[in-house]
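Here the protein sequences line up with chains V and F, keeping their order. For what it's worth, numbering that gives the first Met the number 0 labels the leading residue of the first sequence as 0, then goes sequentially. For what it's worth, numbering that gives the first Met the number 0 labels the leading residue of the second sequence as 0, then goes sequentially.
Please note that a few of the clues may not be correct.
For lysine to any residue, the following SDA-like pairs were computed, each having C-alpha atoms within a straight-line distance of at most 25 Å [as the list claims (entries may be wrong)]:
1) V:K52 - F:K403
2) V:K39 - V:P13
3) V:K52 - F:G199
4) F:K403 - V:E161
5) V:K49 - F:I264
6) V:K52 - V:E161
7) V:K52 - V:P13
8) V:K39 - F:V263
9) V:K52 - V:P16
10) V:K52 - F:L126
Bear in mind the hints are in silico, worked out from the structure with no lab data behind them.
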Amino acid sequence: MASIHDNPSAAAPPNSPECAIRAFGVVEATHAQISELRNKPHQRHLLPAKLLKYADDQTVVAVAAVLHAIHDGNLQERTLADWGVVAGPRFLGRDAVAGSMERFRRRGALGVSPVHIPYLSLHAVSGMVSLALRIHGPNVGVGGARTSMTDALLTGLTLQQEHRLPGVFVVISAWDPEPTARNAPETERAICRAVSLVLMPGEQDSHGLKLRIHPGAPTPGETDVKRTVAAPPSLMDLAQFLAKCSDPRQPQTWCYPWCWNGHMEITRAAGSLVAAPEATDIHDVGPARAA
Amino acid sequence: MNKDDAIWITGVGAGTPLGNTYQTVADQVLAGRSCARSITEFDVSRHVSKIFAPIEPVPIPSAWNESAFRLLDPLEQLHLWCATQALQDAGWWDRRREIRLGLVLGIGGEWLRTWEVDMHRGGNRALDPQQDQESMLDAVQRQLGLAGPAITIAAACASGNYALAQARRWLTMGWVDVCVAGACNLHVTPMSLAGFGNVGALSQRNNDPPRASRPFDMDRDGFVMGEGGALFVLEHAAQARRRGARAYAEFAGFGASSDASHMVIPSDDPGPAAQAMRAALADAAVNAGDIDYINAHATSTPLADTAEARVLQTVLGDDVRKIPVSSTKSMTGHLLSASAAVEALFCVIALDRQAIPPTINLDNPDPTCDLLHVPHHARSQAVSITASNSFGFGGSNTCLILRKVA
Chain V
0 MASIHDNPSA
10 AAPPNSPECA
20 IRAFGVVEAT
30 HAQISELRNK
40 PHQRHLLPAK
50 LLKYADDQTV
60 VAVAAVLHAI
70 HDGNLQERTL
80 ADWGVVAGPR
90 FLGRDAVAGS
100 MERFRRRGAL
110 GVSPVHIPYL
120 SLHAVSGMVS
130 LALRIHGPNV
140 GVGGARTSMT
150 DALLTGLTLQ
160 QEHRLPGVFV
170 VISAWDPEPT
180 ARNAPETERA
190 ICRAVSLVLM
200 PGEQDSHGLK
210 LRIHPGAPTP
220 GETDVKRTVA
230 APPSLMDLAQ
240 FLAKCSDPRQ
250 PQTWCYPWCW
260 NGHMEITRAA
270 GSLVAAPEAT
280 DIHDVGPARA
290 A
Chain F
0 MNKDDAIWIT
10 GVGAGTPLGN
20 TYQTVADQVL
30 AGRSCARSIT
40 EFDVSRHVSK
50 IFAPIEPVPI
60 PSAWNESAFR
70 LLDPLEQLHL
80 WCATQALQDA
90 GWWDRRREIR
100 LGLVLGIGGE
110 WLRTWEVDMH
120 RGGNRALDPQ
130 QDQESMLDAV
140 QRQLGLAGPA
150 ITIAAACASG
160 NYALAQARRW
170 LTMGWVDVCV
180 AGACNLHVTP
190 MSLAGFGNVG
200 ALSQRNNDPP
210 RASRPFDMDR
220 DGFVMGEGGA
230 LFVLEHAAQA
240 RRRGARAYAE
250 FAGFGASSDA
260 SHMVIPSDDP
270 GPAAQAMRAA
280 LADAAVNAGD
290 IDYINAHATS
300 TPLADTAEAR
310 VLQTVLGDDV
320 RKIPVSSTKS
330 MTGHLLSASA
340 AVEALFCVIA
350 LDRQAIPPTI
360 NLDNPDPTCD
370 LLHVPHHARS
380 QAVSITASNS
390 FGFGGSNTCL
400 ILRKVA
C-alpha cells in the first residue's frame, strides 16, 4: 500500500491565503442600548422598518457592526449583491431560548413562537445581514460556540478566495459575560459585542490591514488533542486591536493560534496609518473608548 | 480539471430513516419506502403536526464500548457512528492519527436542541454558561482523536452542501490530506415540532403518516420532519487511486447564493436559486443538459415546491422535459440541516446503482410543478452526473454536482 508520504498534496506546502481588510466596524451595547439599535442600527444607514423586530440581540448588534463597517469603508454606494456573508455568533439566543422554554412550560406547543427556529438558528445572523443588505452571494453561519472567531475568519477568507467574491462581510459576536438569570446583576452589566470585517481581495484596502492564515502542520506522533489553545485572544482583544489601529505606536500584529501550530493573523503594514473608525454614537467603539 | 486534481468521495457513513448502512439505505430508497409514522416519543396532543420520520436506533460502532457509547448524547452517537463508518469504509480508520484529517459538520440548531433537551431532563443549562464547555464538534473531534482543522457550518437545510464544499476547499488548498464532512440532525423535539408547526410549514395529514410527505403533489400540505445524517470521506483522486480506494463519486461542482427575500418564506423570484445552480454547473464544467438526475429540495410545502419547479424550468429550459427529477423527502421527510448531506448520499446511490430514486405519494402532480417526475417507483437508467438542490430556510440556496468516476 502506498504511503501517505507519496501524496502530492503533502509534498507541496499548504496555501497560506491572505486578503485585505478594507474596513471594520465594532459595536458594543448593553441590553438597554440594543433596544435602540433594534429600531435604528445606524444613524445614517436606514433599514426597512421592523426588519430586526424578531431578531436576537446578537443579530441586532452584528447588523449594526456591519453597517458601521460599510460606512467606515465608504462602501455605501457600492453594489453588494454579489458579496458573501459569514457570521460567527457565540451561543446565539441563549436568553431568548430560555424565554421560549419558559413559555413552552406554561403553554405547551402553542407557546412556541413561529420565529423561534428561523431567528435563533446558527445561520440567523448571516441570513439577516444578507437580507438587510440585499446580498445574494453565499451566506453561512459558523462556529456557534467558543471557536466562532476562528471559524468565521477562516471561512470568510476561504469563501472569498474560492468563489472570487468581490467582498465578504465577516461578523463575529458574543455576550460578555453571557447572560444567566434575567435579573442577575451580571446580566444587566453584560455587553453584547460584535466585530465586523470587510474582506476584499488583494490590495483593495484603506486600512493597511491584512488577514492571513498559516495552516501549520501536525507534529509526528502527536496524539494530544487541543482544539483550542489555552487563553487564545478574545473578541474583546480583537476589538481593541482594531480600535487602536489608528495609533502607530500600537502593535502591528494580532495573532490567533490555530490547530497544528498554525495561526491566523491580522497585520498592519509598517508605516501605514489606519484611519480611525467613524465615531457615530454611543454604541461605537472608537480609539478613545477602547483605551 | 486535471483528473488527479479531482476530489473523490471514498467513504460513506449514514444513519437515516431508511437504514444505517450504505447498502440498506440504497436498497430502501430505491424500493420507495416511506419512513413516516406517528410520534409516540413525546406528547403531541397540542401540536398541529403529530408525525415524523425517525431513524432506527444508532448501532454501536465496532471501535466503541457498548455501555460507554450508549451514555453519550444521541446526536453525538449519530455523528460517531457516521464518522466511524465513513473512515472504516474508506480504509482510513486505523491511520486517522497519521494523516492530516479535517472535520466539517453541518449543524444548524445545536444549542437550541441542547438547551431544550436539557430542560426536558430538568436541567437549567440554557442559563448556566459554565455547562457549555464543549460543542458537538469538540466532542466528536475528541472522541475520534483528531487534531486537525474542524468547523461547524450552518445554512439551514443547505448546511450539508456547504460542509462538503468546505471540505473540498481545504483539500484543494493542501491543508488536509483527507476530510470528513457532512451533516447530522436529531432535532425532532417538542419545541422544534411546535415551532415549525406554528409557522404553518408542517403536514397535518396525521391520520395517514406514510402518505403525508408528497412533494410536487396537488394535495401536499407541508413537510414531515425527519432525523438522521450522513458523513463522507473526501480526498484527492490521485491519492485514492494510488491506494486502490473505492470511488463513490467525484465532487464535481458547487454553487451557492442567497434569496435575500425573507427569513422564512422562499423567494418567488427564481433568479437567486437559479444562480446557485448555474454556478455549480460552471464549476463542474457541464451544461444543464448533461445532468442525468436532479434530487430536488422539494419539501412538500405548497410554496417551496412550486418555487423550485420554476427554478428548474429557468435553468434547464427545454431540457426540463428530459431530465428526471425526484424528491427523496417523500420517503425520509425533511432532515433540516442534515437534508443536503443525506440527499448527496442518494445521488451517490443513483450513480452507483444506475437508478433514479422515486418521489412517492405523487398521485396527482401539481401543474405548477411541470417537471419530468419519477413517481412511485425507481427508474433504471444511465446516470453519470447528478445535481442536488438544497434551498435552506431563509433563502440559502446551494447546488451540488456529483459525477460518476470512470
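Do the hints match the structure? See the list:
no., hint, verdict
1, V:K52 - F:K403, "violated (47 Å)"
2, V:K39 - V:P13, "violated (44 Å)"
3, V:K52 - F:G199, "holds (20 Å)"
4, F:K403 - V:E161, "holds (23 Å)"
5, V:K49 - F:I264, "holds (17 Å)"
6, V:K52 - V:E161, "violated (34 Å)"
7, V:K52 - V:P13, "violated (44 Å)"
8, V:K39 - F:V263, "holds (23 Å)"
9, V:K52 - V:P16, "violated (38 Å)"
10, V:K52 - F:L126, "holds (23 Å)"
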